[in-house]
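Protein chains: 2
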Amino acid sequence: MPRYRLTVEYDGTPYVGWQRQDNGPSVQGEIERAAEAVGNGEVTLFGAGRTDTGVHALAQVAHFDTERQWGPSKLRDALNAKLRDTGIAIIEVAEVGEDFHCRFSATSRSYLYRILNRRPPPALEIGRVWWVKSPLDTDAMHEAAQRLVGHHDFTTFRSTHCQSRTAMKTLDELRVSRLGEHVEIFARSRSFLHNQVRSMAGTLVEVGLGRWSADDVTRALEARDRTACGPVAPAVGLYLVAVGYD
Amino acid sequence: MPRYRLTVEYDGTPYVGWQRQDNGPSVQGEIERAAEAVGNGEVTLFGAGRTDTGVHALAQVAHFDTERQWGPSKLRDALNAKLRDTGIAIIEVAEVGEDFHCRFSATSRSYLYRILNRRPPPALEIGRVWWVKSPLDTDAMHEAAQRLVGHHDFTTFRSTHCQSRTAMKTLDELRVSRLGEHVEIFARSRSFLHNQVRSMAGTLVEVGLGRWSADDVTRALEARDRTACGPVAPAVGLYLVAVGYD
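Listed in order, the protein sequences are those of chains A and B. Going by our numbering, the letters in the first sequence line up with residues 1 to 246, in that order. Going by our numbering, the letters in the second sequence line up with residues 247 to 492, in that order.
Hints were generated in silico from the structure; no laboratory data involved. Note that CB positions come from ideal geometry on N, CA and C, so glycine has one too. A hint or two may mislead.
[Claimed, not checked] Quick list of in silico lysine to aspartate or glutamate cross-link-like pairs, EDC-like style, CA-CA up to 20 Å:
#1 A:Lys-133 - B:Glu-338
#2 A:Lys-133 - A:Glu-184
#3 B:Lys-379 - B:Glu-452
#4 A:Lys-133 - B:Asp-323
#5 A:Lys-82 - B:Glu-371
#6 A:Lys-169 - A:Asp-153
#7 B:Lys-320 - B:Glu-282
#8 B:Lys-415 - B:Asp-471
#9 B:Lys-328 - B:Glu-278
#10 B:Lys-379 - A:Asp-85
#11 B:Lys-379 - A:Asp-77
#12 B:Lys-379 - A:Glu-92
#13 A:Lys-82 - A:Glu-92
#14 A:Lys-169 - A:Glu-222
#15 B:Lys-328 - B:Glu-338
#16 A:Lys-133 - B:Asp-331
#17 B:Lys-328 - B:Glu-282
#18 A:Lys-133 - A:Glu-206
#19 B:Lys-415 - B:Asp-492
#20 B:Lys-379 - B:Glu-427
#21 B:Lys-320 - B:Glu-341
#22 A:Lys-169 - A:Asp-225
#23 B:Lys-328 - A:Glu-125
#24 A:Lys-82 - A:Glu-42
[Unchecked claim] In silico negatives: residues of chain A with every beta carbon more than 10 Å from chain B:
#25 Pro-2
#26 Arg-3
#27 Val-96
#28 His-161
Please construct the entire structure, taking both the sequences and the accompanying hints into account.
Take a look at the structure:
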């Protein structure tokens, strides 16, 4: 049975998140509906990253199996025709082997937080950036971020609802940079705990505002205690930008 | 009586355009309402460029007179508080002399067309880009664009509703560039005729698609005939990016 890998861009604003849920429309559900509508029978779609409500994606990776044989670009165009006006677009389709699993084969996930750092609110970027009014010291943020890079117990930086068996994770990269009024936080890891990126970003913004020092971040990490975390950043401004495979 | 210059960013999607009109909300009308609501009496706002419905601005320039004396950043924050959720933000306020007129003192206007040039439709950039599916030859577009730079009669490239006394204009710059899937058309002139940027952009896209040659563009310009123009580009994707003063 053919298996198709999808690369997906979406605006997370109108969705409860990637995953199908009872309380509203999901990205997974929309794509399943589209895949069924173009004649693939009943479709179960897997995703590499379970993005929260309001989180965007530039290149989420998903896959599904179908009885039907498709030319990859034909399947992409057919899905996009059904996804019109949903804020979801299939960027690329490839046929892959049965040994490929978008979630279990993934060796890295990369997320980007986009912050608009200026006193006036966003106009054109409403829903696309986290608006932080007060000036952020991005050098201090980047330096403090390095305290989190490496193999650690991230209990402090995960949601109490996180279902991961262990809080031990290796954070490969956490970079903070500024381009004019825009501040970006880039994070890469094999996998992240629930709310880990938002928890780290919110904590780093405290550093940028001068309320926390880099040593405070180290102490929070070492506390292994959720209550030691800074405020969790809002979902708006967060993008799943890449999923890596070997 | 103090005069205040405003630099304004806006999402043009929900508006009939910059200018107050009977058929729907305008950017000018929204800002006038906000300026009156914060206690400036009856306000008449002038704008440097009359953007069409759906056209965005990164830095429109406007001004108004008021009896009231304001600290510039206080006025900016007060206006932004009243403009919440309108897709309009006041980026900067400055007090200027009576000899400053945002429209008549302006020595240049710069517009940017953002095109998403890929087969899959936009998801995150819906309403922010003009989606052109077929591959564009941007080198050919840039070369053809140079045929329009300089002092010309732009009758071919102006709307039949254009109220300008003359079609003679000097186009200072018209550049086409590509960054990955994004193609940008940048245009700068002291002033533009009605629909001139959209008419030039639509014509250049015909060149990019291989339907028109640079010589065809020259012939269209020399025809001085509106019917010789290529298809007018849609408003979506067009941004007023700067207004220059000496």
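Here is how each hint holds up against the structure:
{"no.": "1", "hint": "A:Lys-133 - B:Glu-338", "in the structure": "holds, 14 Å"}
{"no.": "2", "hint": "A:Lys-133 - A:Glu-184", "in the structure": "holds, 15 Å"}
{"no.": "3", "hint": "B:Lys-379 - B:Glu-452", "in the structure": "holds, 13 Å"}
{"no.": "4", "hint": "A:Lys-133 - B:Asp-323", "in the structure": "holds, 11 Å"}
{"no.": "5", "hint": "A:Lys-82 - B:Glu-371", "in the structure": "holds, 18 Å"}
{"no.": "6", "hint": "A:Lys-169 - A:Asp-153", "in the structure": "holds, 6 Å"}
{"no.": "7", "hint": "B:Lys-320 - B:Glu-282", "in the structure": "holds, 15 Å"}
{"no.": "8", "hint": "B:Lys-415 - B:Asp-471", "in the structure": "holds, 15 Å"}
{"no.": "9", "hint": "B:Lys-328 - B:Glu-278", "in the structure": "holds, 11 Å"}
{"no.": "10", "hint": "B:Lys-379 - A:Asp-85", "in the structure": "holds, 16 Å"}
{"no.": "11", "hint": "B:Lys-379 - A:Asp-77", "in the structure": "holds, 11 Å"}
{"no.": "12", "hint": "B:Lys-379 - A:Glu-92", "in the structure": "holds, 14 Å"}
{"no.": "13", "hint": "A:Lys-82 - A:Glu-92", "in the structure": "holds, 15 Å"}
{"no.": "14", "hint": "A:Lys-169 - A:Glu-222", "in the structure": "holds, 14 Å"}
{"no.": "15", "hint": "B:Lys-328 - B:Glu-338", "in the structure": "holds, 15 Å"}
{"no.": "16", "hint": "A:Lys-133 - B:Asp-331", "in the structure": "holds, 16 Å"}
{"no.": "17", "hint": "B:Lys-328 - B:Glu-282", "in the structure": "holds, 10 Å"}
{"no.": "18", "hint": "A:Lys-133 - A:Glu-206", "in the structure": "holds, 13 Å"}
{"no.": "19", "hint": "B:Lys-415 - B:Asp-492", "in the structure": "holds, 19 Å"}
{"no.": "20", "hint": "B:Lys-379 - B:Glu-427", "in the structure": "holds, 10 Å"}
{"no.": "21", "hint": "B:Lys-320 - B:Glu-341", "in the structure": "holds, 12 Å"}
{"no.": "22", "hint": "A:Lys-169 - A:Asp-225", "in the structure": "holds, 15 Å"}
{"no.": "23", "hint": "B:Lys-328 - A:Glu-125", "in the structure": "holds, 18 Å"}
{"no.": "24", "hint": "A:Lys-82 - A:Glu-42", "in the structure": "holds, 16 Å"}
{"no.": "25", "hint": "Pro-2", "in the structure": "holds, 21 Å"}
{"no.": "26", "hint": "Arg-3", "in the structure": "holds, 20 Å"}
{"no.": "27", "hint": "Val-96", "in the structure": "holds, 19 Å"}
{"no.": "28", "hint": "His-161", "in the structure": "holds, 27 Å"}
Checked against the numbered hints above, the structure violates none of them.
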